[in-house]
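2 protein chains.
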Amino acid sequence: MPRILRLAAAQMGPNQRAEPRVVTLGRMIALLEAAAARGAQLVVFPELAFTTFFPRWLLSGAELDGYFEASMPNAEVQPLFDRARALGVGFYVGYAERAEDGRRFNSAITVGPDGTILGKYRKVHLPGSVEPREGARFQQLEKRYFEYGDLGFPAFRGATEWHRPVMGMLICNDRRWPEAWRVYGLQDVELMVMGYNSAAYDPNGGVTEDAGLRTFHSTLAAQANAYMNATWAVSVAKAGDEDGSGLIGGSCIIGPDGVVVAQAASLDDEVVVAEADLDACRQGKEKMFHFASHRRPEHYRRITEQVGAQAPA
Amino acid sequence: MPRILRLAAAQMGPNQRAEPRVVTLGRMIALLEAAAARGAQLVVFPELAFTTFFPRWLLSGAELDGYFEASMPNAEVQPLFDRARALGVGFYVGYAERAEDGRRFNSAITVGPDGTILGKYRKVHLPGSVEPREGARFQQLEKRYFEYGDLGFPAFRGATEWHRPVMGMLICNDRRWPEAWRVYGLQDVELMVMGYNSAAYDPNGGVTEDAGLRTFHSTLAAQANAYMNATWAVSVAKAGDEDGSGLIGGSCIIGPDGVVVAQAASLDDEVVVAEADLDACRQGKEKMFHFASHRRPEHYRRITEQVGAQAPA
Numbered sequence: 001m002p003r004i005l006r007l008a009a010a011q012m013g014p015n016q017r018a019e020p021r022v023v024t025l026g027r028m029i030a031l032l033e034a035a036a037a038r039g040a041q042l043v044v045f046p047e048l049a050f051t052t053f054f055p056r057w058l059l060s061g062a063e064l065d066g067y068f069e070a071s072m073p074n075a076e077v078q079p080l081f082d083r084a085r086a087l088g089v090g091f092y093v094g095y096a097e098r099a100e101d102g103r104r105f106n107s108a109i110t111v112g113p114d115g116t117i118l119g120k121y122r123k124v125h126l127p128g129s130v131e132p133r134e135g136a137r138f139q140q141l142e143k144r145y146f147e148y149g150d151l152g153f154p155a156f157r158g159a160t161e162w163h164r165p166v167m168g169m170l171i172c173n174d175r176r177w178p179e180a181w182r183v184y185g186l187q188d189v190e191l192m193v194m195g196y197n198s199a200a201y202d203p204n205g206g207v208t209e210d211a212g213l214r215t216f217h218s219t220l221a222a223q224a225n226a227y228m229n230a231t232w233a234v235s236v237a238k239a240g241d242e243d244g245s246g247l248i249g250g251s252c253i254i255g256p257d258g259v260v261v262a263q264a265a266s267l268d269d270e271v272v273v274a275e276a277d278l279d280a281c282r283q284g285k286e287k288m289f290h291f292a293s294h295r296r297p298e299h300y301r302r303i304t305e306q307v308g309a310q311a312p313a
Numbered sequence: 001m002p003r004i005l006r007l008a009a010a011q012m013g014p015n016q017r018a019e020p021r022v023v024t025l026g027r028m029i030a031l032l033e034a035a036a037a038r039g040a041q042l043v044v045f046p047e048l049a050f051t052t053f054f055p056r057w058l059l060s061g062a063e064l065d066g067y068f069e070a071s072m073p074n075a076e077v078q079p080l081f082d083r084a085r086a087l088g089v090g091f092y093v094g095y096a097e098r099a100e101d102g103r104r105f106n107s108a109i110t111v112g113p114d115g116t117i118l119g120k121y122r123k124v125h126l127p128g129s130v131e132p133r134e135g136a137r138f139q140q141l142e143k144r145y146f147e148y149g150d151l152g153f154p155a156f157r158g159a160t161e162w163h164r165p166v167m168g169m170l171i172c173n174d175r176r177w178p179e180a181w182r183v184y185g186l187q188d189v190e191l192m193v194m195g196y197n198s199a200a201y202d203p204n205g206g207v208t209e210d211a212g213l214r215t216f217h218s219t220l221a222a223q224a225n226a227y228m229n230a231t232w233a234v235s236v237a238k239a240g241d242e243d244g245s246g247l248i249g250g251s252c253i254i255g256p257d258g259v260v261v262a263q264a265a266s267l268d269d270e271v272v273v274a275e276a277d278l279d280a281c282r283q284g285k286e287k288m289f290h291f292a293s294h295r296r297p298e299h300y301r302r303i304t305e306q307v308g309a310q311a312p313a
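Protein chains in written order, with my numbering: chain A, 1 to 313; chain B, 1 to 313.
So here's chain A without its partners, still in its complex pose:
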């Protein structure tokens, strides 16, 4: 029996800092309904989907605390969970997590069609800095607000209705790190899901990359890593002009041969849908990328024994 799963990328336009949570939730529910109406069984939302990308601001106190979720779900986000369960649709969503012990992470969960949390991930590759950059209009303070993810890259099984694919989650910057994908590949992953908030340009100047090049990088990294690990991938943006800072779009669904099968065209709320044949991963996993036949870990030791680059003399 073919293992077909209908996937949706639910790209979001910007969440402005001043926007009430209930407005954002309403937009997410509308995206969920639009995806379900097109037959989607699994809907992928962006990183930090419920809030603005607050690491661009130097914050403390009540405003900062307000961006974090002390439990998931909670009363504020429950309407999304309820609507998804009523529609029999699962989803991936990114959020700022405050754990019971007070530690804070940039996290994501995948929720099954019955509302069960199937997997949880905490972002490993935090970009940015701990200390604010002086004179900068916008910051990137993820290393200040979050601890490094402590769960590794834990693959898990998707829902029975989805044909129990091996799944893995990443968040934003993680998708540019082949180590992260490979650790999932070594768990035989068939479906990678990830959300992002990626700057369209450097709002503080001094960098020559434009939005086109940055969108190309986002798609390129997901395509090649999907191909090299023979997995489906759904990579989803929060896009557009948020708090005066530009975010790229380019949300996409990619097949295990690295080909983009659907991609968002706007910088706003937009759903794209594609049908994934999960068994299409087998060719890559059994031939070109049959790891047991071809990998030579004795020559990979620098990857785990060394952190930074060390040039030869």
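The hints are simulated quantities; they were obtained by calculation from the structure and are not laboratory data. All the pointers check out, no bait thrown in.
One copy or two, either will do: identical chains are not told apart, so a pair holds if it fits within one copy or between any two.
Think about it this way: if two alpha-carbon atoms lie no more than 30 Å apart in a straight line, the pair counts; the simulated DSSO-like pairs of lysine-lysine are:
| no. | residue 1 | residue 2 |
| --- | --- | --- |
| 1 | Lys120 | Lys143 |
| 2 | Lys143 | Lys285 |
| 3 | Lys143 | Lys287 |
Add chain B to chain A, keeping to what the hints say.
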């Protein structure tokens, strides 16, 4: 002072099994001269450039032995070395190596403009099989004819005239393995050079990939790995109909932002040239891919501790 190096990809059309070595050498010297006439300082030739891709045949005895080089250079290939030195041009070339102790490798060297061998590499990721596939018109017997490379991924410094870039070599299938690129990335590589012979289709049938998709994969892997390691890359094919079996072309020069700056259009002998600003690697190495700031090797352990894929329960 800007560190500018003029690079050439010297794509080769097929080397037929019956073609005398001297004919192939003549074509390679013509490519070298064409590249030098366009100002190239470093010319990249394909994998197993002096011969047909003989692992497609089940061979033994004198014919098989005749494809291997017992020293490099040797009398047969010396004219290429002599011409390169006279032109003040360096080159990368792939060849079948028979070491003094009798071991055989799929190897490559990089030769400086003064004829010095600057680096040597033995292919780590051998595709194919030890035993021939019964009933197949063409074989892929690299695992039969070669031992796995035993030198790891050793970065080295290019020539003074080239501004001493940190360089790394790969061969064919290696370019699809992010581990190989990352080990060079961890040595601060600025220029990756590699040759390939990649089937344009499965001559034995049964696979749905066509030449277009396979060329896309070849370019995609090189682009993304160049980007994720912030390095220049030159990736060069032996192309066309060789011994009745099709090989893809698509030889290309790629910048450290993953953009293809020059690409061959034919399936024949063809030179493409591009100017590389080696310091263009710095932005990636110092920001997005500043490994010391962002890598988390404690979560990468499967990459070295595990060979094959292991799915969760």
